[in-house]
Amino acid sequence: MPTAAGRIPRVRTSPTAWDRLGTCRARLGLDRNQYIVNPGLFAVGLPDAGSPVVVTANYKLTFDTVRFALAGRDVWLLVVDTRGINVWCAGGKGTFNAAGVSEQVRKTGLERVVSHRQLILPQLGANGVRALDLRRTCGFEAVFGPVRAEDLPRYLDQGIDEAMREVTFTLRERATVIPVELVLGWKPILGALAVAAVLSLFGYGFSLGAVWSRWLVAAGGTIMGLFCGAVLFPLLLPWLPRAFSLGGAGLGLAGAQVLPLFFPHAPWPALAGAGMWTAVLSSWLGLNFTGSTPYTSPSGVEREMRRAIPVLAACTLLALVLFVAGGFAGGSA
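To convert, note that position 305 of the sequence shown is 307 in the working numbering; the numbers rise steadily by one, no gaps.
The hints are simulated quantities; they were obtained by calculation from the structure and are not laboratory data.
Label pairs and their in silico Cβ distance ranges: (1) Gly94 to Thr139: 18 to 24 angstroms; (2) Thr178 to Glu113: 34 to 40 angstroms; (3) His267 to Thr298: 38 to 44 angstroms; (4) Arg14 to Gly111: 21 to 27 angstroms; (5) Leu238 to Glu113: 48 to 54 angstroms.
By construction, the Cβ of each residue, glycine as well, lies at the ideal position given by its N, Cα and C atoms.
Turn these sequences into a full structure, and let the hints guide you.
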């Protein structure tokens with residue numbers, strides 16, 4: 003649409019099939035780093051000089067969430083170059099900041115498009131943007147909107163309230179991250195299965211059947227660890243210990259109790275090694291989940307990692323020793 007600063011592209015406020023496909027791919031962790039939109043100024047509906055300006059990141063999943071939430075509204079949407087990172091993470095990493103917002107204000111000529119000097123920024127990006135710096139560098143005042151994009155229409159009508167400021171991590175929100183946790187976890191998992199295949203060669207005598215049986219025990223422990231750490235951990239998070247590594251380890255130990263039911267004839271050292279590996283993998287995935295939660299601090303995560311990683315490394319070594327010992331203990335899976 004034409005403005006005093008030139009033509010501004012208007013965006014759709016309803017998802018296309020391509021948008022839905024892109025969302026699915028992003029949720030599965032496929033090409034997430036390339037799922038971006040060009041930064042700049044966009045029109046939602048038919049905004050004029052007095053219409054509000056909402057600021058967001060150029061991660062397309064975030065961009066889509068915001069524009070779809072603004073359906074039926076006349077709003078300017080200022081997209082900041084966060085290098086394809088969502089608002090919350092970009093704020094923490096410093097790519098969503100006053101300098102970046104000011105740069106887009108200048109590049110788009112926003113001061114010639116609107117008659118007011120106010121920008122509505124996402125609350126989850128407040129840790130990266132200093133309102134004073136923004137006012138000094140571009141002349142616009144920063145006001146922080148709601149946590150969730152779905153609350154933007156209500157915010158535009160009546161302003162902020164406590165419910166809009168509340169950061170949640172509901173069962174549905176936790177379940178949303180499970181697919182990407184599973185997909186991202188498969189590369190190291192394949193490496194672990196390859197190591198297990200090599201270790202399965204060690205044992206009394208040699209037969210493909212015995213090697214296959216030993217490998218199945220290790221594969222069973224690996225799959226159980228992935229299930230406990232990437233699926234059960236997010237779902238059960240509110241009821242687990244505060245330390246993510248302990249919560250993951252506990253789930254892994256519980257899941258390991260199922261292994262003898264699937265491999266009743268496996269020697270106990272192999273089962274013990276596979277069970278310990280289940281707990282280690284589940285604990286590691288639980289520790290990795292700290293980056294997906296809205297209430298962990300970098301210092302707390304770093305402290306827990308310093309404590310947990312040496313223990314997990316030692317347990318991994320012990321699991322390998324037990325698994326190899328199982329090959330010399332007789333029996334099969």
